[in-house]
Amino acid sequence: MSHIHPLNPETMPNEPEKATLEGKNKFLGLWFFLGGETVLFASLFGTYIALRNSTAGGPTSQEMFGLELVFIMTILLLTSSLTSVYAMYHMKNQDFKKMQLWLGVTGLLGLSFLGLEIYEFAHYITDYGFTFRSSAFGSAFYTLVGFHGGHVTFGIAWLITIMIRNAKRGLNLYNAPKYYTFSLYWHFIDVIWVFVFTVVYLMGKVA
Amino acid sequence: MENTNSDKIRAYQKQKNKEEMQKHLISFGLMIVLTIIAFVIVATGIMDKMFVIPVLVILAAIQVAFQFYYFMHMKDKGHEMPATMIYGGVWGALLTLAGLGVISWW
Amino acid sequence: MKGWMGKFRALFILGVLALVLTGCGKENLTAFVPKGYGAESSMKLIILSIVVMTFVFLSVMIIYTIVLFRFREKKGQEDYIPKQVEGNKTLETIWTVIPIILVFVLAIPTVIATFDLADVSGAAEEGAISVDVTGNQYWWHFEYQGEEIQTSQDMYIPVGEKVYLNMISSDVIHSFWVPTIAGKMDVNVENTNQMYIEAYEEGVYWGKCAELCGPSHSLMDFKVVAVSPEEYEQWVADMQSVDPEEEPQDAVAVEGKELFEANNCMTCHAIGSTGSNVAPNLTNFGNRTKVAGFMEMTPENLADWIQDPEKFKPGNNMTGTYPDVSKEDAEKIAEYLMQLKHTEITPDVAGN
Amino acid sequence: MSIAATQKRSFSAILWDYLTTVDHKKVAHLYLFGGGFFFLLGGLEALIIRIQLIKPMNDFISAGFYNEMFTMHGTTMIFLAAMPLILALMNAAMPLQIGARDVAFPFLNALGVWLFIFGGILLNMSWFLGGAPDAGWTSYVPLATDSATHGVDFYVLGLQIAGAGTLMSGINFLATIINMRAPGMTYMRMPLFTWTTFITSVLILFAFPALTIGLFLLMFDRMFGSAFFNAALGGNAIIWEHLFWIFGHPEVYILILPIFGIFSEIFATFSKKRLFGYTAMVFATMLIAFLGFMVWAHHMFTVGLGAMANSIFAVATMAIAVPTGIKIFNWLATMWGGSIKINSAMLWSLGFIPTFTIGGMTGVMLGSAVADYQYHDTYFVVAHFHYVIVGGTVFGIFAGLHYWWPKMFGRILNETLGKWTFWVFFFGFHFTFFVQHFLGLMGMPRRYWVFLNDQELDLGNFISTIGAFLMGVGVIMFLWNVIATAVKGEKAEADPWDGRTLEWSIPSPPPFYNFKQVPLVRGLDALWIEKTEGNKQMTPGEPLDDIHMPNGSILPFIMSLGFFIAGIGFIYQVDHKLWYIVLYGGMALALGTMVVRSLKDDLGFYVKKEELEREAK
Ligand code: HEA
Ligand code: HEA
Ligand code: CUA
Ligand SMILES: [Cu+2]
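First to last, the sequence lines map onto chains W, B, E and H.
Just so it is clear: in the first sequence, position 71 is 71 by this note's numbering, and no numbers are missing.
Just so it is clear: in the second sequence, position 71 is 71 by this note's numbering, and no numbers are missing.
Just so it is clear: in the third sequence, position 45 is 45 by this note's numbering, and no numbers are missing.
Just so it is clear: in the fourth sequence, position 254 is 254 by this note's numbering, and no numbers are missing.
So that you can see chain W by itself, here it is in the shape it has in the complex (with noise of 0.2 angstroms):
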């Protein structure tokens, strides 16, 4: 059972995620369950490209979303995709603290995503009253942005948890893959990202 005791660099290898076998499963797990939330994104992508008219009267897209905010927005969460990259750097260098620490930051960056789209929500709400039934594109919008956010959501519940169990505990062979893993994930929620800011906010301002 020598894995799970903290490796001293001399012993770590170079690719601490691969190393075991049950690392090397869960990089393979994590890829195709990312292969398959593509479809998933896709359903919702579909579904919102087809109701994006359909606004019963209520306010269309051009009225109201405002480009500023989204900009922001893209830009955190552009910025915590490289800080991922970053502290996965740290982890092939082995230096735990620094790794934890970018996460960290990964995990702000994340959490400020989240309030400016709660923020933003609000403002649709409050000053259009544009809601999740006011017509099949409120129900579409705020499923596609709401499963993004939900995913977000649970990345950052995700990475909290790891950062915690293994703040005492250093780098190991056993938990290298769940960070390797996560950061896999987040980096698939940027790409998704990518596609609302794209989709739903820039074509939704052309037309």
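There may be inaccurate statements among the hints.
DSBU-like, lysine-lysine: derived pairs with alpha carbons at most 30 angstroms apart [said to hold, decoys possible]:
#1 W/Lys18 <-> B/Lys23
#2 H/Lys608 <-> H/Lys272
#3 W/Lys18 <-> H/Lys608
If you are wondering where the hints come from, they were derived from the structure by calculation, not from laboratory data.
Put chains B, E and H with the ligands on the given structure of chain W with help from the hints.
Chains B, E and H with the ligands alone, transformed into the frame defined by chain W:
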């Protein structure tokens, strides 16, 4: 463990990791640029409506390719299966989008 | 179209004959004996595909039978180890290429026919007949465009002419199907579907709802009454000159009319071409083929229906919307409704 | 846990063992019992359907109840019987076939089976709680959104929970096959059943998410007032149809591809011949899976998508005949020149060939769009899909059960009874469904509670009902066989069929760690190769060493229970806000177990080398 050889390997790995990180920084920079371009196109309305949507989609696709290939290491060895699955997913996604986006209106 | 058809015409007729002899369902209901354009197009493809499939099935079964007879384990040779064959390029190519060819044989006519049946451009032509069809739980409504005619349950069309249908549903998805003259098409809620039907012969054709739409889905029948073009003209004229206020002849029916008005029936049912269409339009009701689409047209049935429609069509939208009607009253109303005959052109004319 | 034989344990010990198991072989048992139970239930529903249709204008059951009956029959059979039974066989055989000690994620495997069981229970609770779902297994909106009882809510949550389990199994099998093959087992040396498991898992991975989303949208519309399918607010019901069939068509290949794998094993084994055209078989499977994603709209030919869409989908649909044909002919060629031994497993396989060919041919006939305007939603379609599903999937499950039963339970099913079961079921089947082709074209739409008098549909329906009862007799014989075998069946040796693949190289039933030493694979049909070279057993691919095994855990059970409770909360929160307590309570239980799982390291245990050596003596 007092093996100098392993130290060398370490050092070499560190160097490689660093280079890798620099690549990541560059791709991050590019992603930000792509994002800005996309937002600017829409905010200023300089482009003809006909072209905007395809251009936006292409920009998004490039950006996503960066995420996958650099940030998520899909370019590296040992990622054949992940790549297959993601492409499978993308294929499924395209069909779904075609189904819902195009032929639910007739 | 004609080319490949020619070759199969003989077979087609032969097939139809065989089916008629062996019993292929009720006339004017079965899809086996097509009497309309759409049904015929489908039938051609059905026959073509059966021919292809017979060939396929025989090929499989011949090999299968040989295998089973020749290659069984022999007594006393239980230890015999057959040669471990990996494969055979030629054979594998053969059974890849032949199916591809067969698929083409079927696919090309399919595509041609699909486009042919989807071509509703004729609807815009001068004198084309267009009918707005509405599917409702569990009845059908028909409005003749530009003619100010409304009917329910029985739709009249002239023989030999394309009749264009614009179909929409008021509640859930239904599907319009008259097997003997045309294949089906769904009746959706959010968009109008277009198709055309054309009957070759006079007759009363059974229509069925083919998409699950609730408990009484199986009872959502209707009829297409195909009459000669002259008779159709007359029917149109008669229907346009209906006087909804017309007093019935005998006393019972007069009483029935009063009861009909007193019992709220008019809030939903209209007679004549104006008025609400949340319930079957009862113009010319006396000439209907069936009560509520599927029950035999007798005064008893009608009176029973009026008293308790739920018993006959579970979940229908008439139940409980009007005051209880006594047996006598129901019979009087039935008498009145049975006398609503507004035209000489009846299903009998079409040969019911 | 020790390897010392686990004989004579108390009932509660066995129960606890199953509740906490993460062993793929026991998970397979759970799938088998669960799926088997739901098969009986679905069959009972089928019999009720057939009794109602025995004569015209019958009033055996009411209209609304009939709709519940076929909805539950279809849903149960597809999601709770056929798929779990297939997963049972996959779990039982696939890891053994690749020489693995377990699956990649044993915990997820257990979670999958419990999610299926709880999802199934939830769905079926609707019978007692105000009415089952009644909008068909396809649950088309707006009928489903309008449906007045909670039935459709049970459908949504039951399938959501069971579906999540299936998705996990899919990912699990993929990782297992990629990472855990024995040394020497390259992809092109994998047995065909492993291959089809692999490709089926890919289908699951890409098909189920569409259903997940569809169910979410339906749930939001029914419970939270959204307007996806509400035309009055701009919604579009066709979106549901697309989402359902984007899932639904690949789903039918999920039901048949593993079965193709089973038949490939059986034909090869009992013809004593290598599978003919192995490479072609593998690529044909891939091609079917690939094309399977591009044909979903053939279920929607009459929706009004337009001539262009209908044509494209018609041609794509017909194209699937080609790779499937390759398979049929390769099986025939496998038997050609062989030394065919006919026992129960082989009988089911031989029965499959003509039956499935007919079903496939009617499928291609349905693919001809214009012809489908006549067939669609009639008994012709019912006949088609029972020919492929019963004649394919169910025959295949029976074949696979007879084939692997010795491996799963250590006893051989009785041959005489097995043959009787086959013949009775086979004839019953053709009686039931062959006439339905004609009924359809004679003007009998499907999902009809009654058919009218004087429509010349009486005889056909009568024959059909009689056939269904014959099938019922067949099923009862099989049950009898199972019980008789359990009581006094013949004990099975490791390799009762003169098998070709790795699962036959280890004892029946295998020890919980499967392989003492992971074998070295030297080619396709690894065991057969060793046997022809006169070796008694596989050459080990590793030295004898400690074996790492995962610990059992009750958490999968509790987590599934949590989702189950939350599901009930979701269903009833529309009636009263207090139900939110149940909803959040269930969620807390499920998420709480998840947190426990991630906080508590589960490092498994080791079976010591010494212990293994002692065992060997
Ligand atoms: C195990 C499940 C299974 C399988 C394997 C199939 C296989 C096929 N199915 Fe089926 N199908 C269903 C289950 C399945 N189906 C179900 C459940 C429904 C109804 C759902 C509902 O509405 O409730 C349905 C409905 C359905 C429809 C919609 C009908 C309608 O509602 O109007 C269509 C239409 O194209 C179709 C086509 C096909 C085709 C072309 C195949 C092909 O894959 C068949 C290929 C096989 C062969 C062709 C035989 C072997 C080949 C040869 C011997 C080679 C030579 C052959 C030729 C050249 C033809 N199916
Ligand atoms: C895997 C899938 C599967 C299987 C195996 C079956 C098996 C059977 N099916 Fe089913 N069927 C479907 C999937 C399946 N079906 C689907 C998807 C639909 C469409 C639903 C819809 O429209 O929404 C459908 C619809 C359907 C209909 C059409 C209903 C309608 O449209 O109105 C009919 C009618 O004959 C039917 C009959 C049968 C029969 C007789 C069997 C027989 O093969 C069953 C044989 C089994 C038995 C007879 C079991 C006997 C068991 C006992 C006797 C023991 C009982 C004891 C205990 C419970 C302890 N099925
Ligand atoms: Cu209307 Cu079925
Ligand atoms: Cu299909």
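So, going through the hints one by one against the coordinates:
no., hint, verdict
1, W/Lys18 <-> B/Lys23, "22 angstroms, holds"
2, H/Lys608 <-> H/Lys272, "38 angstroms, violated"
3, W/Lys18 <-> H/Lys608, "26 angstroms, holds"
Violated hints amount to a single one, hint 2; each of the other numbered hints is respected by the structure.
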